[in-house]
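Colleague: Below, each chain spelled out in residue letters.
Number of protein chains: 2
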Amino acid sequence: MKKAVILLSGGLDSATTLYMAKDQGFDCYALSFDYGQKHSSELSAAKAIAESAGVIEHKIIPLNLRLIGGSALTDDSFSVPTDSDLTSSDIPVTYVPARNTVFLSIAMGYAEVIGSQNIFIGVNAVDYSGYPDCRPEFIHAFEVMANLATKASVEGQKLKINTPLIDLTKAEIVTQGTKLGLDYALTVSCYQADAAGKACGVCDSCRLRAQGFADAGLSDPTIYS
Amino acid sequence: MKKAVILLSGGLDSATTLYMAKDQGFDCYALSFDYGQKHSSELSAAKAIAESAGVIEHKIIPLNLRLIGGSALTDDSFSVPTDSDLTSSDIPVTYVPARNTVFLSIAMGYAEVIGSQNIFIGVNAVDYSGYPDCRPEFIHAFEVMANLATKASVEGQKLKINTPLIDLTKAEIVTQGTKLGLDYALTVSCYQADAAGKACGVCDSCRLRAQGFADAGLSDPTIYS
Numbered sequence: 001m002k003k004a005v006i007l008l009s010g011g012l013d014s015a016t017t018l019y020m021a022k023d024q025g026f027d028c029y030a031l032s033f034d035y036g037q038k039h040s041s042e043l044s045a046a047k048a049i050a051e052s053a054g055v056i057e058h059k060i061i062p063l064n065l066r067l068i069g070g071s072a073l074t075d076d077s078f079s080v081p082t083d084s085d086l087t088s089s090d091i092p093v094t095y096v097p098a099r100n101t102v103f104l105s106i107a108m109g110y111a112e113v114i115g116s117q118n119i120f121i122g123v124n125a126v127d128y129s130g131y132p133d134c135r136p137e138f139i140h141a142f143e144v145m146a147n148l149a150t151k152a153s154v155e156g157q158k159l160k161i162n163t164p165l166i167d168l169t170k171a172e173i174v175t176q177g178t179k180l181g182l183d184y185a186l187t188v189s190c191y192q193a194d195a196a197g198k199a200c201g202v203c204d205s206c207r208l209r210a211q212g213f214a215d216a217g218l219s220d221p222t223i224y225s
Numbered sequence: 001m002k003k004a005v006i007l008l009s010g011g012l013d014s015a016t017t018l019y020m021a022k023d024q025g026f027d028c029y030a031l032s033f034d035y036g037q038k039h040s041s042e043l044s045a046a047k048a049i050a051e052s053a054g055v056i057e058h059k060i061i062p063l064n065l066r067l068i069g070g071s072a073l074t075d076d077s078f079s080v081p082t083d084s085d086l087t088s089s090d091i092p093v094t095y096v097p098a099r100n101t102v103f104l105s106i107a108m109g110y111a112e113v114i115g116s117q118n119i120f121i122g123v124n125a126v127d128y129s130g131y132p133d134c135r136p137e138f139i140h141a142f143e144v145m146a147n148l149a150t151k152a153s154v155e156g157q158k159l160k161i162n163t164p165l166i167d168l169t170k171a172e173i174v175t176q177g178t179k180l181g182l183d184y185a186l187t188v189s190c191y192q193a194d195a196a197g198k199a200c201g202v203c204d205s206c207r208l209r210a211q212g213f214a215d216a217g218l219s220d221p222t223i224y225s
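Residue numbers (the working numbering), protein chains in the order written: chain F, 1 to 225; chain D, 1 to 225.
Source of the hints: derived by calculation from the structure; they are not laboratory data. Be careful, since some hints might not be right.
[Stated by the list, open to error] Keeping only pairs whose Cα atoms sit at most 30 Å apart, straight-line, the calculated BS3-like set for lysine-lysine is:
no., chain 1, residue 1, chain 2, residue 2
1, D, LYS158, F, LYS158
2, F, LYS22, F, LYS2
3, F, LYS160, D, LYS160
4, D, LYS59, F, LYS158
5, D, LYS158, D, LYS38
6, F, LYS47, F, LYS2
7, F, LYS59, D, LYS38
8, D, LYS59, F, LYS38
9, F, LYS59, D, LYS59
[What the hints assert, rightly or not] Here are the computed distance ranges between Cβ atoms for each label pair:
no., chain 1, residue 1, chain 2, residue 2, range
10, D, LYS3, F, ASP90, 20 to 28 Å
11, F, GLY25, D, LYS160, 18 to 26 Å
12, D, GLN211, F, GLY115, 33 to 41 Å
13, F, GLY115, D, VAL126, 27 to 35 Å
14, D, LYS2, F, ASP76, 41 to 49 Å
15, D, GLY201, F, ASP90, 51 to 59 Å
16, D, ASP85, F, GLY115, 25 to 33 Å
17, F, SER79, D, GLN117, 35 to 43 Å
18, D, ASP194, F, VAL126, 51 to 59 Å
19, D, GLY54, F, ILE60, 34 to 42 Å
20, D, LEU218, F, GLN117, 40 to 48 Å
All C-beta atoms in this analysis are idealised placements derived from N, C-alpha and C, irrespective of residue type, glycine included.
Modelling step: build the complete structure from the supplied sequences, incorporating the hints.
Modeller: Structure (structure tokens):
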């Protein structure tokens with residue numbers, strides 16, 4: 001069996017990505033980060049999702065990005081916005097500096113240690129929030145860099161960054177995940193979910209998620225506070 | 001004043017890099033990592049060096065790379081080698097998977113938050129240990145990726161990864177640092193330094209360091225155990 005490292009936040013996109021990797025026949029190694037996010041209940045969601053998917057291993061790495069700050073998700077001096085124009089091309093204050101780069105870098109190290117040549121990340125270029133580190137050109141540049149960074153790459157084991165959601169709408173994502181048996185009630189997308197994982201319903205992430213279920217014609221299992 | 005983020009391990013190379021950045025007129029923000037390294041006394045050295053250089057800020061980020069392992073520096077099931085052929089092109093077991101990539105990624109986030117467009121890292125392509133993430137082609141690829149990863153880059157603020165040691169021998173490095181007033185007695189290079197920072201004298205890092213001082217005709221201030 002081929003091994004894959006899956007970046008698993010506990011949200012809808014990464015959970016779907018995990019189920020897709022599993023469906024492709026990979027032995028899955030899930031990786032989550034306790035990075036000081038306000039919505040840390042997503043980590044409980046990540047554990048439940050990893051278990052439901054039958055991963056080989058699930059690591060949760062503590063890395064306090066609040067020490068750097070600069071985001072509404074990690075800095076208490078910012079509020080999570082609830083009235084953003086989701087069609088705007090502006091990068092919102094929920095952008096976390098360097099987040100995907102840091103997570104992919106640690107995933108790269110984890111992949112090297114377990115002998116995996118595949119990382120999966122649930123970035124999406126359609127119904128996303130304008131984050132620069134979700135764009136295909138960023139992912140491509142990361143992959144080029146990664147293939148110069150490691151001992152494994154020097155020895156000819158190329159690393160691939162898999163982005164199965166990149167061209168899907170949110171509706172297509174939930175449709176595919178549902179077909180694969182993913183129970184979206186396990187996932188937490190809300191940027192300010194409470195300790196029990198209940199969603200606010202008004203942040204950008206909640207609104208994109210709700211629209212996805214509506215567009216797909218699927219019932220929304222999200223538990224709102 | 002321009003701001004720069006300096007990756008500061010507490011060793012000879014990064015300390016010299018900090019003094020060079022300061023000499024170039026940068027306001028310096030030092031960044032160190034408590035990553036589970038066996039030679040954690042380098043962090044005390046980093047504090048002393050940062051203070052001696054008069055940095056604006058020195059952050060030490062806890063990030064336990066032992067959770068991933070795979071290196072003689074972070075995994076107790078490996079020993080630090082003391083009889084390597086330093087002229088070999090093999091990558092030694094002291095290679096830490098993804099280390100420079102992870103550190104540069106977090107430095108990128110820190111730079112973005114403080115509004116800096118310069119990161120300094122003391123990688124060296126001459127008297128080094130064969131690590132893939134010290135090569136110029138890796139640094140170049142990281143810079144390309146970084147300039148697609150951040151909100152700052154989207155807004156036109158390009159990030160530069162400065163590598164002032166890249167083409168210097170160890171002897172040239174200590175010669176330049178000495179001219180800039182760096183007290184190398186503050187620095188700890190040893191991969192298995194004791195809690196007081198005393199060096200073993202036999203690991204690869206100790207041997208490269210001692211040879212550098214000898215080649216430069218400078219007295220070696222290293223305190224050996």
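Colleague: Which earlier hints turn out false for this structure, listed by number in ascending order?
Modeller: Structure breaks hints 4, 5, 11, 14 and 17.
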